[in-house]
Amino acid sequence: MQIETELLSENESRDAQPSVPGDSIEHIQSEVRNQIPFDCSKIVAQWNADSQYHIESQGEAPFVVILGESHDDKVEMQKQEELIAALNSDYVLHEFGGAFQYSSSLQYWGEQAGRGVSPNDSPGVPRRFVELANEKGFDIIGCDLTQMEQDRSTERRKKARGESYDKNRAGLYFFDDESIAARDVHMAEKIAYYRKLSNKPIVVILGARHGRNILSQNLLAQKKIGCILIDQLEKKEREQVSSN
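Take numbering that gives the first Met the number 0: the final residue in the sequence shown is number 243, and no numbers are missing along the way.
Bear in mind the hints are in silico, worked out from the structure with no lab data behind them. Owing to the predicted nature of the structure, the values given are computational and were not obtained by experimental measurement. Hints are all accurate, no fakes.
Think about it this way: if two alpha-carbon atoms lie no more than 27 Å apart in a straight line, the pair counts; the simulated BS3-like pairs of lysine-lysine are:
1) K189 - K157
2) K78 - K199
3) K135 - K199
4) K41 - K222
5) K234 - K41
6) K41 - K78
7) K199 - K73
8) K41 - K199
9) K199 - K223
10) K222 - K195
11) K78 - K189
12) K135 - K73
13) K41 - K135
14) K223 - K189
15) K189 - K41
16) K235 - K73
17) K78 - K195
18) K78 - K235
19) K199 - K189
20) K135 - K195
21) K73 - K41
22) K234 - K73
23) K73 - K189
24) K78 - K135
25) K199 - K222
26) K41 - K223
27) K78 - K234
28) K189 - K135
29) K195 - K223
30) K41 - K195
31) K222 - K189
32) K41 - K235
Using the sequences and the accompanying hints, generate a full structural model.
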């Protein structure tokens, strides 16, 4: 299965950024939250003024903000923390949370009900986000499939097509195109579920490939959910090209 990852056509500029007045984030928060429906665009644009990440919006009054990261980049994580604080979210969904969720009120990681979790699974969300959750009062929700869930899904797909399933290669299937697509769909379903539970913006931290796929495959647009993708990886790719 071929997964489309390009966000813009060849005729569109990847460097175009929204312009905003020089208001403080606090002023924009107050102004935007009085609007119905809520639109995160102004807060995101103000936050992005210095970083110049590529931003792609989809749908009206975007309420979901996806940060497409390169993984384990300290500068990117610091910017993520700033945006989470600015948006004052109830829920932050994180790819590395897997099938776990963190309650800031209980200060406890627990398994999500009905998920396929093995004894070796544990949440991989960086500690700095747990500390921020305790400070700001939001919960962290894992939004990716576990290895066990992905293995079962791959086995079902292959058997349905009459193909052999090699259990010795189970872990490798996690990164093939079909598995990535299944994970994208699962992530979109998680986002849609938590979108219904809060009247505050939902922040989602994923690998950039997942974020690009969710937009290009219209996985949230199909559910009438407006979203913003902040492509942090694209900036790193752009800088690498410029340095060569």
